[in-house]
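**Q** Letter by letter, the chains look like this.
There are 2 protein chains.
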Amino acid sequence: MSRHFPPAISRLISALGKLPGIGRKGSQRLAYYILGQDDEFARELSAAISNARDQIHLCPICCDLTETDPCEICSSTQRDRTRICVVESPRDIASLERIQEYNGLYHVLHGAISPMQDIGPEQIKLKELLIRLQESDQITEVILATNPTVEGEATALYIARLLKGTGIKTTRLAHGIPMGSDLEYADEVTLMRAFIGRQDI
Amino acid sequence: MSRHFPPAISRLISALGKLPGIGRKGSQRLAYYILGQDDEFARELSAAISNARDQIHLCPICCDLTETDPCEICSSTQRDRTRICVVESPRDIASLERIQEYNGLYHVLHGAISPMQDIGPEQIKLKELLIRLQESDQITEVILATNPTVEGEATALYIARLLKGTGIKTTRLAHGIPMGSDLEYADEVTLMRAFIGRQDI
Chain A
1 MSRHFPPAIS RLISALGKLP GIGRKGSQRL AYYILGQDDE FARELSAAIS
51 NARDQIHLCP ICCDLTETDP CEICSSTQRD RTRICVVESP RDIASLERIQ
101 EYNGLYHVLH GAISPMQDIG PEQIKLKELL IRLQESDQIT EVILATNPTV
151 EGEATALYIA RLLKGTGIKT TRLAHGIPMG SDLEYADEVT LMRAFIGRQD
201 I
Chain B
202 MSRHFPPAIS RLISALGKLP GIGRKGSQRL AYYILGQDDE FARELSAAIS
252 NARDQIHLCP ICCDLTETDP CEICSSTQRD RTRICVVESP RDIASLERIQ
302 EYNGLYHVLH GAISPMQDIG PEQIKLKELL IRLQESDQIT EVILATNPTV
352 EGEATALYIA RLLKGTGIKT TRLAHGIPMG SDLEYADEVT LMRAFIGRQD
402 I
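Chains as they are written, first to last, in our numbering: chain A, 1 to 201; chain B, 202 to 402.
Calculated directly from the structure, the hints in this document are not laboratory data.
Using N, Cα and C, we set each Cβ at its ideal position, and we do this for glycine too.
Errors might be hidden in some of the hints.
[As the list claims (entries may be wrong)] In silico contact screen, one side only, chain A against chain B (beta carbon under 8 Å); selected entries:
hint, residue
1, ILE9
2, ALA15
3, ARG29
4, SER46
5, SER50
6, ARG53
7, GLN55
8, ILE61
9, LEU65
10, ASP69
11, ALA94
12, HIS175
13, ILE177
14, PRO178
15, LEU183
16, TYR185
With the rest of the complex left out, here is chain A:
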């Protein structure tokens, strides 16, 4: 007597359920929402997914997701070509661009070194970065903007060590207490980092 969804709905629910942060209830809700809209809605969503997947690929230079070859930033003449900011994922570029503080180039590692998850330096786009640095004599600074996690820190240290003696300056984003937050709620590691990194005012 228990109800089986029509097969096409089941497939939709299960496909939606594979997206991150969307559980069983959530994927049912989304599936019924999509079916409740007009045809155009589903057509647009379906096309947007397949088009994006077909048209987007990695930039051969910085490994960011792009539709052009090379990507907009790598091919821009407005950018400062002496600095490369190294990030873990393409989304980090969007965040950094939003602050409008940095006008250099990027490099996307597509992950971070994580022995626990069996991800070594070969599994991320590190070789591509090193080749890039070797082939260019313009780069004077590499900004390591990997995440402030165990993996991100390890990756930053690893890259910093590789670049030692090359004459390229390596920097790391500052760690500290986030703006607008409260000392009381800062975790110990953040507080420690904030202390160590204290600056003259």
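Starting from the structure of chain A, add chain B where the hints point.
**A** What follows is chain B alone, placed relative to chain A:
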């Protein structure tokens, strides 16, 4: 200097952002997640959406979403054809089927009467229900399982009034304190309903 996503990514983000409960950050996260998976993932998701939309339509009898004509429940010989349970949305059928308590038929209104949102009796599948009741002489009970909201209550009352004098018994799902919850946390309306609906034990 602010970053524009590649157009195909922008379109994907905006299409995903139209889904309920998925905000700007969420749709960016989903878009990048989809682009980070293999081709198969995006193809499957895209096809599941367009196939579901193509294959699923409303059952001509009960207005549930279905792939067959009429739907599985309406065409089943195992179901009790003397009772119709009236719900607001197809998802409610899934919930009710899960409790394995009811073996009758269903009718999906696709909404509830809501003067505030300009939804009158003509905007929901109420006419279809009335025709169904007129054409069948088997129906002895209509169970009003619309939501316990202002709109759901109004819709249930409206239908109950229409069916008065037809000889068809109309019932409403019981309201009260949900199982496993605490009296202390029950809202006043729920508590009042539980009191009014109290039963001998």
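**Q** So, for every hint listed, does it hold in this structure?
**A** Hint-by-hint comparison with the structure:
1. For the restraint placing ILE9/A at the interface with chain B, the shortest Cβ-Cβ distance is roughly 6 Å, inside the 8 Å limit, so the hint holds.
2. Annotation: interface hint on ALA15/A holds; nearest CB of chain B at approximately 4 Å, less than 8 Å.
3. Of the supplied interface hints, the one on ARG29/A holds, with its beta-carbon coming within about 7 Å of a beta-carbon of chain B, less than 8 Å.
4. The closest approach between the C-beta of SER46/A and any C-beta of chain B is roughly 4 Å, which is under the 8 Å cut-off, so the hint is satisfied.
5. Annotation: SER50/A was flagged as interfacial toward chain B, and the flag holds, the nearest CB pair being 4 Å apart, inside 8 Å.
6. With a least beta-carbon distance of about 4 Å to chain B, the hint placing ARG53/A at the interface is held under the 8 Å criterion.
7. Contact between GLN55/A and chain B, as hinted, is supported at the beta carbon level, the nearest pair being about 4 Å apart and thus within 8 Å.
8. Given hint, ILE61/A at the interface with chain B, is violated; its Cβ is 15 Å from that chain's nearest Cβ, farther than 8 Å.
9. For the restraint placing LEU65/A at the interface with chain B, the shortest Cβ-Cβ distance is roughly 6 Å, inside the 8 Å limit, so the hint holds.
10. At its closest, the beta carbon of ASP69/A sits 11 Å from a beta carbon of chain B; the interface hint therefore is violated under the 8 Å criterion.
11. Interface restraint check: ALA94/A against chain B, minimum CB-CB distance 6 Å, threshold 8 Å, status holds.
12. Violation of the interface hint for HIS175/A is found here, the shortest Cβ-Cβ separation to chain B being roughly 22 Å, above the 8 Å cut-off.
13. Interface restraint check: ILE177/A against chain B, minimum CB-CB distance 22 Å, threshold 8 Å, status violated.
14. Against a cut-off of 8 Å between C-beta atoms, the interface hint on PRO178/A is violated, since the closest Cβ of chain B lies about 16 Å away.
15. A least Cβ separation of about 26 Å between LEU183/A and chain B goes past the 8 Å threshold, and the interface hint is therefore violated.
16. Checking TYR185/A against chain B by beta carbon gives a least distance of about 21 Å; that is not within 8 Å, so the hint is violated.
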